[in-house]
Structure formats: structure tokens, C-alpha cells
Amino acid sequence: MKGRAARSGLILGAALALLAAAVPSAGQNQAPPAAFGSGLRYEIWVELDATGKMLAGKEEIVWTNSTKDTVRDMLLHLYWNAFKNEDSIFFKEEAGESLFGRGAGPEEGEWGWIDVTDIRMADGTDLKPSFEYVLPDGPGTAGDQTVARVVFPVPVEPGESAHLRIEFRSKIPRTVARSGYYRNSFFLGQWYPKPGVYEEGKGWNCHAYHLNSEFFADFADFVVHITVPRGFVVGSSGKAADSRTDESAGTTTTTFRQAMVHDFAWMADPRYLRIERDFVASKEVTPQEYEEAAKLLGLTADEVRLPDVKMILLIAPEHKGQIDRHFRALRAAIKYYGLWYGPYPYETVTMVDPPFRTQSGGMEYPTLFTAGTRVLTSPHELEPEGVIVHEFGHGYWYGLTATNEFEAAWLDEGFNTYSTGLVLAKAYGPGAIPFVFKGIPLDWFLRVPKVFDFETNRVAAIHTVRFDPVTAWSWKFYNRGSYAANVYMRAATLLGTLEGWLGEPAWPRIMRTYHMRYRFGHPTEADFIGVVNEIAGKDLTWFFRELVGGTKPFDYGVSGLASVEIPVHSLGVFDADGSRREWTAKTIEEARAAAGSGTGGAPPPMYRTTFVLNRYGDARLGGDAKVEALIRFKDGSTETRAWDGQDRWIRMEIVKPVPAVSVQIDPRGIWLIDENLANNSRGTNGLRLNASKLMTQFLFTVQLILHFFGSWS
Amino acid sequence: MGVFKAILNGIGTTARKPRITVILYAANLVFALLVALPVLALIQAELGHSLLGTSVRPVDLMWIGEAVLKHGESLAAIVAGFAGAGLAYFVLQIFLYGGTVGRIIDREGPARLGAFAGDSGRYFWRFVRLFLISVVFLALTLGAIMGLVSAIFEPLSKAAVTEWVPLILSNAHFLIALLLLSIVHMVIDYTRIAVVADEERRVLKALRHALTFLKTRFFRAWSIYLLIVAATVAGSVIFYVLLGRLAAPTVAAAVAAFLWMQAYVFFRVWIRTLFVAAQSEYYRAHPY
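Chain order of the listed sequences is A and B. Per my numbering, the very first residue in the first sequence carries number 1; after that it's consecutive. Per my numbering, the very first residue in the second sequence carries number 1; after that it's consecutive.
No lab work stands behind these hints: they were computed from the structure. Each hint should be verified, as a subset may be incorrect.
[To be verified] Just a few of them, taken from the derived set where beta-carbon distance is under 7 Å, the chain B residues facing chain A:
| # | residue |
| --- | --- |
| 1 | 51 |
| 2 | 86 |
| 3 | 88 |
[Said to hold, decoys possible] Covered by chain A, per the in silico footprint, the following chain B stretches (three or more residues, Cβ under 8 Å):
| # | region |
| --- | --- |
| 4 | 8 to 20 |
| 5 | 62 to 76 |
| 6 | 99 to 111 |
| 7 | 168 to 174 |
| 8 | 253 to 259 |
| 9 | 266 to 275 |
Glycine is no exception: its CB is placed at the ideal position from the N, C-alpha and C atoms.
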């Protein structure tokens, strides 16, 4: 984005300065503070049996009915039952993935499950008789046990609370989908019974655990008491309140608390290093940066000021040399997400270097995320930086704007992939493509190309547009590849396109307003479109309908350019002044010579420049969006033309005393989603330096490959 | 004869008979042009008239991505074409190897095209048979030894507590495979030399000659091989370092880069003749 922004920045500069006053400032609808008092409260006591790979837990849930409905039951997620057997939806969908599967399932003794051994109301009323597994995603999912239902003995009226006490016992899986163990290392996500989200008038939104889906839950206040064998290092969502060791049992219990989060994950490993550092806002952000951000967003400097944050890193000893690298990336993420979208509202953020072979890397949970690195890394690759920025960023896009990851995954993954690219570009520039052979970065030996995230995102985007709309539900994509490419990369490319089109200050204000307005809420696509239309001051619904919710490729191009000198007279027979005369090439030339012998010399030749703009893709522009064409002429002058892009093509003509040298559409590089940038321009001469270099390089590569083949003869 | 003497004599031989390298290089260039032509035409068609042609980078993901999208249907044909061409080039190289070894073994003889082609034809079928035997030899050697290595390494890797163990074992596994490969390659090289130097029609007998020859002087022979490999690596490093300095966006730099690339290909072809020349010197200096 950095490069594109720079290109368009100069051109847009003056216009934006004028527009800035007209664009509404970013909303500061400050959401609730991060204090206890949510409509949902958990207190959980959990003990890890590291030898038997088991969890034993007790859980108290207080759920308040904040809707106008009378609620008669509760649906609970029991996610780990996805790893119980091959009849779970998770493994059934996994079996259907030929190309993008997660790999082999658990082996003998490695399956995981969760049993609710007791569930009752706080007054002791046993709910177990009504306990049943349900199939919220249809009868085709029979056999799945990831969602359970209990019926309240007395319906919960609006404003009333239900207080449940649950006991559960879980077998920790040998890691599947980022939860589980390897030897004595544990990463535990989605490990406790968790209610779905009750939606007024609709009932419980509580989907089964699907292969491609992530999660959706209500904001809650958590108090979690974690007991592990003495000597284990524990990292968790929230803030450690106190810790005590039971010498006789050989265990340590730590209590963690966190308000206003919608999930809680933790890890335990006896080998891990725990390092704490502070994000000190006054050191990380200069007054000038605050000023610039405030001006861009139309806010005061105080409104964009960032708080200090306690950063906690749990890292494997073999990655000790990368501690600074981890913290640098996290500081950049806290800074830029904070400046652009809103201050990070929690006291702590815990960054976990995923334990070896737990496959738990690259995952977000509120106030905790897993990164991922290798023992051998290159300083030019943005690994682990990319994953750190991305997973921290989910603290915003998923953690704070808690969109439904089952039904609208792009609202967190797409937004966050887009934001990750911006932060990486700002803090690091492009990163080397991580080519790794046998764990060794090839960047150590070869000059590996560097790319920005938006480049790789676009490649995926243009290849997957025909498969699915970005807005499909997570498990309804063509396959896992289409899910990932559409939800992450195509969505990010589309947001990048909107950024290019709407520019500053509208775009940053849209993102800030959307985030702050829906912080601690569950926004939908409609909410985002509403903010876009409000801040942009025009209806952009067509963009979301045509490009986000559609499967039509977007490709406008130029198919022809010709500049022809206009003769002083046309060929043929003409009647004039009562006589008839035939104009031939010879007579025209004579007329031109005669005109030139006069006192003023020959009139300058005129050129007719014609060019054709095409709509090659099926997607069309809408609203006030136009295809902008820039025509460059031999004398350095330029002309621009606009086309609404509705028809398949348009031929345009310009008459000037100078021939054209090129015509280019989208000269500001706005339409990143255009799947063919090569056809966006056409010049009159036919050999380009870089294209020639590309050809010689390709020839050289073929020579070396052939030589390699030949050396085995 | 010592290791360095063999290599120096080999260098002398290739210097006296530069035509061999020139023939091999010319074959490579002409063949590569034929293979690359469709893609070169495609690049020109895509970027020759587009302003993108002035900004496209050597590895430009954005353009490669859209080119693959546009020509995806032809991709299978292009890959099949490359594979077929690779196979054809492989056969051509077996043919040319006869000329290379023949002209190098014939110290005083000319390295003219006619003589080169004559030797290529004379030894072609013997070298084809030798190649087939080498495949079996390679499969047996690598299969047996690498199978054994894997059987030792895998339990260690599975029981690892940190990623260092699988990383080291995986690289050790790869290194062992490479060294084994170099040994097999060297054995086949000496077999080819034996075929030509001893005018041996039966390649199995030539293989036995080579193995007998290597039995008593294996490490010195292997040193020659590995030193030439080291020279190739050193030359490659120099090439890539200097190539990086020819990246200026000017026509002169582009032409210089192209010439430098061709010089590197020539170097690699020359290294190949050096293998034959140095090993031939060593073989002939130690009659068994």
C-alpha cells in the first residue's frame, strides 16, 4: 500500500486538502470501558493433568437476557467434541478437502473430547435431563456433538439472569486446529463450555465447529483459576491476579481476570521463558505523529492519544535470540492499530511463541495471541513480524469489533489482512518472500525478491473471484483454498481498492469510525456499508454488491491506440462552388505544398488519436465511479477522459497537433482488484526495457535448467 | 598424479580445446532459445506495448499472477513442452558427452566439429546403456543407504523436544544424499572415461574398471570432484554478486547483465568439460 499511496498521494494532495474540511471526522463513540459488568460472567476453575492429558473444570456462568425475548433454553459450544471422532462435522469436512486439508487426523489415543459431567442452575436444579446435542447447521451434520442444548426450568425473562454451574472433563487432543498438546507442551483454546450469542428475535446463534470456521461469542467478564503441575510456565488471556503453590499436591494455581472479552485461551509449558516489557506510548509515538493522526481523522490530539500496555512474551528457549524482534513487531502493531483505529483498551497483551509441534501458531484470542517463528530466520523476511502484527490486529478486528466469524469471516480476516499489510509496509517496508529449504532461509544465499502484502493478496484475489463471494458463510466456500483466498486476501484487496478510491481523509475516517462505533459490539456488513456511505457522502452499496458479494471478475483495459495525421483534404470527388473536383494523393500533396509556400508557412499537421477502452470483466462500475483514461502526447502534454464503464467498449477520439504516445486507464492505480493491469495501458512503440530484461532473464533461467538436466546424462 | 595437478592439467586441456566448450555452449543456447521462444513471445505480447513493461520487476508477483490467470489453460501445455524439451536436451547431452570425452581423451587430436560429432555418434549407444545402468546403480545405492539413514534418523526426529533436532537431522540427511550422489556421479564419469580411453564396448566391464580404479584412490578422486564443485559454487557466488550490480534501469546495464549471464552459462558449461578433463588426466596417469 505504501507504494500505491505514494503514487496517488501527489496527485490527490491538493484535492484532498480541499476535501478534508467537507469529510465528517472519525466518530469517537467511545465504547464501554474495559471494566467488569458485562451481561455475561464466567468463573472457571480448571486443572491440567499433564500426564494423562486431561482437563478437569468447574464453571459458573451468569447470563443476562438483555433482549426483549423470553428465553427458554441455552445453546452451548462444546468445541473439543469436534476432535472426538470422524463423525464430527470438522472431520467430515476435512475428509472432503483433497487439496487444502489440515493433514492427518489424530492417531490412536490422541482424540480429544469434552464431557459435561454436571450442569445445573445455581439453586441446584439439575439441567442434565434436558441436556442434548443439537445440530444447528442442519440434519446433514448428524453425529456432531459440538453444540449442546439445555432447557431452563423457568424461562428467562428480559432483564433477568440465568446462573449455571457446570462441571466438565476433557481429553486434550494431540493438537488439532491449534488446540492440544505435544509431549509436555499445551495450548488450550476453545476448551470450556461456552454459550452461543442470543440474538433478539432470532434465538441462539451457535453454529457447530466447522473446518473453516472460527468463532463467535458474547463479551463477558472472566475470572479463571488455572492449576498446573508446579514448574509449568502459564500464559493466558487477561491479567494474572494472584498465584499460589500447593506443595503437597505439587501444583500451582494462578488466577487470571479480564473484563469485556469474548474468549479465554491459555498455554502451559515447563520449558518456556516469560518476558515482560512495556509499551510506553510517550516513547513510541511522537507529538508530530499524534498531530498528524488527529488531523487526518478530524479528532483532537487527546482523542488519538495511546495508553501504555504491558506486553508479555512467552517464548521457547531456542528462540531466545528473537525476543527483541518479537517485541519490536508488537510495539509497531500496538502503535499503528492504536493510532489508526483506536487505543488498545486492555492493560495487557500476551504473545505466545507456539510450543513446538502443537501447531498452535498464528491464532488470535482476546488479549492473547500465538505468533510463530523458526530457529533459523532471515532479517529480510517478515517472519515472525507478519504473524505478530496480524494476530495482534485481530485484537481489533475480532477482539473488539466482534463480528460473526461463522457467517461473515471477511469482516475480521479481510479487515485484519488489509490492516496487517498497512502496518508492515509502514514499519518495515516490503519483506523477502520466505523461501525456506530444510529449515534454512534461502535468503541467506540468494537475492530473494521482496514484496508488499497487497501484491500477494491481489494475486490470490484475482484467482479466486470466480469461486465464491467474499461474503459466503465460512463452511460454504468451494474449498478451504477459496475460503482463505477470498476471506483474507480478496477482501483485503477490495478494502485496498476502496482506500485508493476514497483516499484521505475519508478512508481513514471510515475505518476509525466503524471500529470505534462498533467496539465491544457485533457489527455486520450492513453496519460497515452504513459507515462507508455516511463518511464518503455517497452510496457505495453497488461496490459491495458487485465486488464483495459477487463472483464477477473486474477487468477494464485498453485495446487500441492510433494517432494518424489528418490530411489537408479528404480523398474523393467533391462538389464546391458549382464545380466538381476529384482530390487524389497527388493533388492533396500539392495543396499542402502550396499552403506551405505562403507567408505563414504550412499549418501544423493535425493528428487524430483514437483509442478503445474495454470492459473485459463481467463486473461493472457503479455510482459515480468512472474509468479514468490518461492520454500522453509526444510533446509531453496530457489529456484525460472518463467513461462510465457500463458497455463492453467505447471508442474515443482526440484531435490535436501532436500524436499520442500512450493511453492509460486508472493512472492513479486505484483499482487494485483489476485482474489484468498489463492491459490497462498501451503505447505506440513496442519494446520496453524491463520487459526485455525479463525476457533475457527467462532465457538465462531456461539455459540453467537445461544445463541442470543435462548434467545428469 | 596429485589432485591439484590433475585439475591444472584438466584446465590446460580445456584451454587447448576451447571448441568443445563452445560447441556445448552453442547447443545450450540454441536449444534454450527454441524452448523459451513461446514464453518470450508471450512476454512481448503482454508487455511490449504496455506501460507495465517499463516497470515490471524480474520477479513481479503481480504480473506473474495475472499472466498465470490469463494463460492458465496453456500452462499444462507449456509445462509439458518444457518437460519434453528437457528430455530431448537430456538425450542430446548424452550424445554430446561422447564428443566431449572422446575429444578430451584424444589429447593430440583435433576438437573440430566433425571429429566431435564422430565421437558423439560412436559412443552414443554405449553412453545410453551406461545411463540406464547408472539409474539402477543410483537407485540401489541411494535407496539402500538413504533408507538406512532414514531408519536411524526418523525415531530421533519423532522424539525431538525442540525443532533443532529435526532441522539438523533433515539437513544431515540431505547432505548425505548429496555426497552419495556425487560419488555415484563420479563413478559414472570414470566409467565413461574408461569406455573411451579403453575403447571398451561393454559398459559393465568399464564400470568394473572404474570401480577397480577408484577402489585404491577413492578419496583423491573424490577430492578432485569436490574441488571442482567448490569452484562452481565460488564462481556462482561471484556471478550473483556482480549481477546484482548490473540492475540499473539503463539499456547499457541490461546489455551488460545479459552478457554476464551468458558468461556464467559458458562458465558452467566449461566446468562440465573440466570435470571430464581433470578426471581423464587422473585416470590416465594411474593405469591399473
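A quick look at each hint next to the structure:
Here the hint on residue 51/B is kept, as its CB sits about 4 Å from the closest CB of chain A, short of 7 Å. Interface restraint check: residue 86/B against chain A, minimum CB-CB distance 5 Å, threshold 7 Å, status holds. The interface hint given for residue 88/B is violated, since its Cβ lies 10 Å from the closest Cβ of chain A, which is over the 7 Å cut-off. Proximity of the region 8 to 20 of chain B to chain A, defined as three or more residues with a beta carbon under 8 Å from a beta carbon of that chain, is not established by the 0 residues found.
Figure legend: the region 62 to 76 of chain B, annotated as covered by chain A; annotation consistent (9 residues with Cβ-Cβ distances under 8 Å, at least 3 required). With 0 residues having a Cβ less than 8 Å from any Cβ of chain A, the region 99 to 111 of chain B misses the three-residue criterion, and the hint is violated. For the region 168 to 174 of chain B, the stated coverage by chain A is satisfied: 3 residues place a CB nearer than 8 Å to a CB of that chain, which reaches the threshold of 3. With 3 residues bearing a CB less than 8 Å from a CB of chain A, the region 253 to 259 of chain B meets the requirement of three and the coverage assertion stands.
Check on the region 266 to 275 of chain B: 3 of its residues sit with their Cβ under 8 Å from a Cβ of chain A, so the three-residue criterion for coverage holds.
Against the hints set out earlier in the document, violations occur for numbers 3, 4 and 6.
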